Amino acid sequence: MTFGACGGVLVMSGDARLNAAWKCIYTTGGETHHPDLLEEDRVWIALTEAGCRS
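Taking my numbering, I'd label the letters of the sequence shown as residues 1 to 54.
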């Protein structure tokens, strides 16, 4: 099951808002934070995908 199919429109809407915020922080937060942000993004994706499989 995909991330979008798991939670429907509400999940997709929240994910879109989160992506917009993440991009804003990533582009304005300075390059020293990029590795941390990317790692948090990987963790978030793994958690959401695991939640949809259970």
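Watch out, some of these pointers could steer you wrong.
[Unchecked claim] No farther apart than 16 Å at their CA atoms in a straight line, the calculated lysine to aspartate or glutamate pairs in the EDC-like style are these:
#1 23 / 41
#2 23 / 40
#3 23 / 39
[As the list claims (entries may be wrong)] Cβ pair distances, simulated, as ranges:
#4 27 / 50: 15 to 21 Å
#5 38 / 17: 26 to 32 Å
#6 35 / 13: 15 to 21 Å
#7 42 / 20: 17 to 23 Å
#8 14 / 38: 18 to 24 Å
#9 50 / 28: 29 to 35 Å
Calculated directly from the structure, the hints in this document are not laboratory data.
Remember, predicted model here, so these are calculated numbers, not experimental data.
Here a beta-carbon is modelled for each residue, glycine too, at the ideal position from N, C-alpha and C.
Open item on the list: For a quick check of understanding: which of the numbered hints are violated here, in increasing order?
Closed with: Checked against the structure, the hints that fail are numbers 4, 5 and 6, while the rest are satisfied.
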